[in-house]
Each structure stands twice: as C-alpha cells, then as structure tokens.
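Engineer: Line order of the protein sequences matches chains A and B. Using this note's numbering, you'd call the opening residue of the first sequence number 1 and step up by one each time. Using this note's numbering, you'd call the opening residue of the second sequence number 1 and step up by one each time.
If you're looking for bench data, these hints aren't it; they were derived computationally from the structure. A few of these clues could be false.
[What the hints assert, rightly or not] Below are the DSS-like pairs computed for lysine-lysine, each with C-alpha atoms no more than 30 Å apart in a straight line:
1. A:Lys-149 - A:Lys-201
2. B:Lys-38 - A:Lys-38
3. A:Lys-145 - A:Lys-46
4. A:Lys-83 - A:Lys-46
5. A:Lys-83 - A:Lys-201
6. A:Lys-46 - B:Lys-46
7. B:Lys-46 - A:Lys-145
8. B:Lys-201 - B:Lys-38
9. A:Lys-46 - B:Lys-201
10. A:Lys-149 - A:Lys-83
11. A:Lys-149 - A:Lys-195
12. B:Lys-149 - B:Lys-201
13. B:Lys-46 - A:Lys-149
14. A:Lys-145 - B:Lys-38
15. B:Lys-195 - B:Lys-83
16. A:Lys-149 - A:Lys-38
17. B:Lys-195 - B:Lys-145
18. A:Lys-83 - A:Lys-38
There are 2 protein chains.
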Amino acid sequence: MAEYELYCFAQSGNAYRVALMLELVGADWSPVFVDFFKGGETRTPKYREEVNEMGEVPVLRHGARRLTQSSVCLTYLSRRFGKFQTQGEDEELEAWRWMVFDNQKLNGFLGTYRFFRNFLPTPGDPAVLAFLRGRAEGALAVVDKRLGKAPFLIGERPTVADVSLCGYLYYPAEEFGFDIAATYPNVAAFLERMKALPGWKHPYDLMPGWPMAK
Amino acid sequence: MAEYELYCFAQSGNAYRVALMLELVGADWSPVFVDFFKGGETRTPKYREEVNEMGEVPVLRHGARRLTQSSVCLTYLSRRFGKFQTQGEDEELEAWRWMVFDNQKLNGFLGTYRFFRNFLPTPGDPAVLAFLRGRAEGALAVVDKRLGKAPFLIGERPTVADVSLCGYLYYPAEEFGFDIAATYPNVAAFLERMKALPGWKHPYDLMPGWPMAK
Numbered sequence: 001m002a003e004y005e006l007y008c009f010a011q012s013g014n015a016y017r018v019a020l021m022l023e024l025v026g027a028d029w030s031p032v033f034v035d036f037f038k039g040g041e042t043r044t045p046k047y048r049e050e051v052n053e054m055g056e057v058p059v060l061r062h063g064a065r066r067l068t069q070s071s072v073c074l075t076y077l078s079r080r081f082g083k084f085q086t087q088g089e090d091e092e093l094e095a096w097r098w099m100v101f102d103n104q105k106l107n108g109f110l111g112t113y114r115f116f117r118n119f120l121p122t123p124g125d126p127a128v129l130a131f132l133r134g135r136a137e138g139a140l141a142v143v144d145k146r147l148g149k150a151p152f153l154i155g156e157r158p159t160v161a162d163v164s165l166c167g168y169l170y171y172p173a174e175e176f177g178f179d180i181a182a183t184y185p186n187v188a189a190f191l192e193r194m195k196a197l198p199g200w201k202h203p204y205d206l207m208p209g210w211p212m213a214k
Numbered sequence: 001m002a003e004y005e006l007y008c009f010a011q012s013g014n015a016y017r018v019a020l021m022l023e024l025v026g027a028d029w030s031p032v033f034v035d036f037f038k039g040g041e042t043r044t045p046k047y048r049e050e051v052n053e054m055g056e057v058p059v060l061r062h063g064a065r066r067l068t069q070s071s072v073c074l075t076y077l078s079r080r081f082g083k084f085q086t087q088g089e090d091e092e093l094e095a096w097r098w099m100v101f102d103n104q105k106l107n108g109f110l111g112t113y114r115f116f117r118n119f120l121p122t123p124g125d126p127a128v129l130a131f132l133r134g135r136a137e138g139a140l141a142v143v144d145k146r147l148g149k150a151p152f153l154i155g156e157r158p159t160v161a162d163v164s165l166c167g168y169l170y171y172p173a174e175e176f177g178f179d180i181a182a183t184y185p186n187v188a189a190f191l192e193r194m195k196a197l198p199g200w201k202h203p204y205d206l207m208p209g210w211p212m213a214k
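Excised from the complex, chain A in its bound form (with noise of 0.2 Å):
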C-alpha cells in the first residue's frame, strides 16, 4: 500500500491541487477513484460517515489522519516533506490568506461555473452561470494584478498557496466558454512558470476517472 492514499476524481480541480502536491513533493502516494457524477458517491451516507462528513473529496489518508480540504492537505504535505513551505509567521498568514480567497472567491466560484456548465444532467440555469463566472472573473482579476508583481503569490517562490492556485485553471477552454490564459495573462505566465516545476502533470493525467465513462 502507499503510504498515502487520496480520494479524488480527475474532473475535481480541489482534489487535483493535492494530487500535483504529491507529484511536486515526491511522495509515495495512490489514488482511490470516488465515483462522483455516476454513483453520487459524496452525497451517499456510507461515504459521508466512513470518509468526509462534508461530502467531498479530496480526503488524503496518512497512517491513521483522514485530512480534507485542500488547503489543509497542502499545508500537511509542505510541512512533511519541507517543500513549498512558508517562512516565519507573516508569510505562513499571507499564504493562508491567498488560498481562502482562492477557494472561496477563485476556484470556489469557477469549479462550480465549469461544473453548472459540463457536468449537469440538464444544462444550469443561465443566470446561475453568469452569476458565477463574473465572481470567478472578478477574483481571476485581483489575482492577475498580483501576479503582474511577483511570479508567485507571495513572492519569488512557489509556496502551498501557488499549488492552490492551479486548483481548476489548466482544465480546457472549451469547458469554461472562454479562454482564462488570453484574458489573464498574469496567470497565464504563472501557470507556466507552475508547469515548468519537476514532476507537473496535468489533471487528465494524474487522477482517475477521464475521459468519462458513457
């Protein structure tokens, strides 16, 4: 067995932040497929009591810690391998700050917009998507600035909250209805600077579950 294990699907940016951790940082790690869009498998009790009461994935197993939400995971894994860890106190409280934006505001709104847009049974509701890509849009563009200052958030290196960031932005164009590298282009040059580090790989290839099963 690997010595951790994450609960992921390859269509879930939140779980693919702490798959690209593993695979920067070196770990010994395996996935277990959580089958989200057939088997509604976060939304069952069964997974709700034995694996994450919020019902979502990622969940990183380690020894006996069951740790969920990506930025915790992230923070875990910085700490336990000394990679993409902040130094001293004013950074470890900006890194946090960046990716509570980042999920609530960033990712938060843009994952739910791709999955309202793709992976609905019936289409959603139009005001809905529009309501959600603006406040991804808006978040994309506070970032942009910020990346148009440093190459990485909080400085001249990646930290846990850049490996935040990745969260749902290299998926493909078609699946937002606009292409985020030719609007962003701060977040565009980042994303490369993020694709050039050791061990990168690209959601599709590094989780389960894509393409989808018809």
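Starting from the known structure of chain A, arrange chain B on it as the hints suggest.
Structural biologist: Chain B alone, transformed into the frame defined by chain A:
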C-alpha cells in the same frame, strides 16, 4: 489610537467574526467604517491600493501589520491573546478545515444570499437566490450534524473555528426569509453557547453603519 483597528461595517458577517473576537479576547480596538453600500468603497482603486487588494472587509491593522481574510485575523488574534487557540497540529488542521468550509460553503454562500436578497438596488435573480440558499443550507446541515456530537466544532471548548462560524448566523431571520435557528437545532444551541461567552455582542451593536442612513 487604539491598538487594533478593524475596517468593517455592521452588515458584514465576515467583519463580525473579527469584531466579535476582538471583544471576546478583550482587545483595545476601534472600528474604521467602510462605506460599502453608498460609496462602494471596497471597489475603489484607492481602497484596493491602500487597504486591501482583494477589495473586501474585514481588514485588521495592528502596528505595521495589515491582515485580511477573517480566518487569518482570527488565527492571529488567538495567538496574540492565547485564547480560542487549538492545541497541537491535529486540532490546528481540524480548525482550519472547518474555517475553510465555512468561508466557502456556509457563511460564504449564506452571506452572499443575504446580500442579494436585501441590499441590491434591484432584487437578485430568483434562480441565483435559490442556488445560494440551497448551497448554504447544504452546509448548514453538515454543521448541524457535527454540532449534534459536541458543543463546539472541534470538541468541548470554543476555538477560532467557532468564532468564524458565527459569521452571518446572528442576523435577523427576516433578512434570510427563513429561520436558521428553527431549522437547525444544534446550530441554534451552539449560537446560544457562543452568546453566553463574556464579551459577546450582536453585530448590529458592535460595528458602525446600522441602521442604514436613508
């Protein structure tokens, strides 16, 4: 000048978390009123350049430090005052897990729902309102179940995660159009426990801007 300054306004449950914490730990603090509604102050270039590039409240000033994101402010204050802290890494990560969930899924959606329902020049789109309320209620159900097992989110004593959870939950039921306390009894009992802590105050008694000027 007070030791701590909090950029806030009475209707912001995100700012309330930090204002409440400042009261609960007995800090020397004063509010800085942010004219969110009439002046759109958080959207101005001046605010984004000089106060918070994320265009949000709360912002906590302490000496040369300027902290944003309520969960970061709560963590900082808990360390400075040695109150509402977690013990050890497992508790630390567990509290963070609930704060991120709260920010994205519970108070994140609930606060946006309340904003769309009450504070827009024209009422928010019904489909968007239904989406936001549905998400918020899903998260409330998760937390209600959790709080059926222990008096506070991570056990027997209140921590930063519990102060965060208070967010929008004390605002009047008519602002939501449904009674949170009546629907989620364990959440209701939790809110009474928090209310009993020395220093507790209602958001409308703690921050400037209420009642709103016509």
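Engineer: Now tell me, hint by hint, if it's right for this structure.
Structural biologist: Cross-check of the supplied hints:
no.	hint	in the structure
1	A:Lys-149 - A:Lys-201	holds, 26 Å
2	B:Lys-38 - A:Lys-38	violated, 47 Å
3	A:Lys-145 - A:Lys-46	violated, 43 Å
4	A:Lys-83 - A:Lys-46	violated, 35 Å
5	A:Lys-83 - A:Lys-201	holds, 17 Å
6	A:Lys-46 - B:Lys-46	violated, 51 Å
7	B:Lys-46 - A:Lys-145	holds, 15 Å
8	B:Lys-201 - B:Lys-38	holds, 25 Å
9	A:Lys-46 - B:Lys-201	violated, 40 Å
10	A:Lys-149 - A:Lys-83	holds, 23 Å
11	A:Lys-149 - A:Lys-195	holds, 19 Å
12	B:Lys-149 - B:Lys-201	holds, 26 Å
13	B:Lys-46 - A:Lys-149	holds, 18 Å
14	A:Lys-145 - B:Lys-38	holds, 26 Å
15	B:Lys-195 - B:Lys-83	holds, 16 Å
16	A:Lys-149 - A:Lys-38	violated, 43 Å
17	B:Lys-195 - B:Lys-145	holds, 20 Å
18	A:Lys-83 - A:Lys-38	violated, 36 Å
This entry does not satisfy hints 2, 3, 4, 6, 9, 16, 18, going by the numbered hints stated previously.
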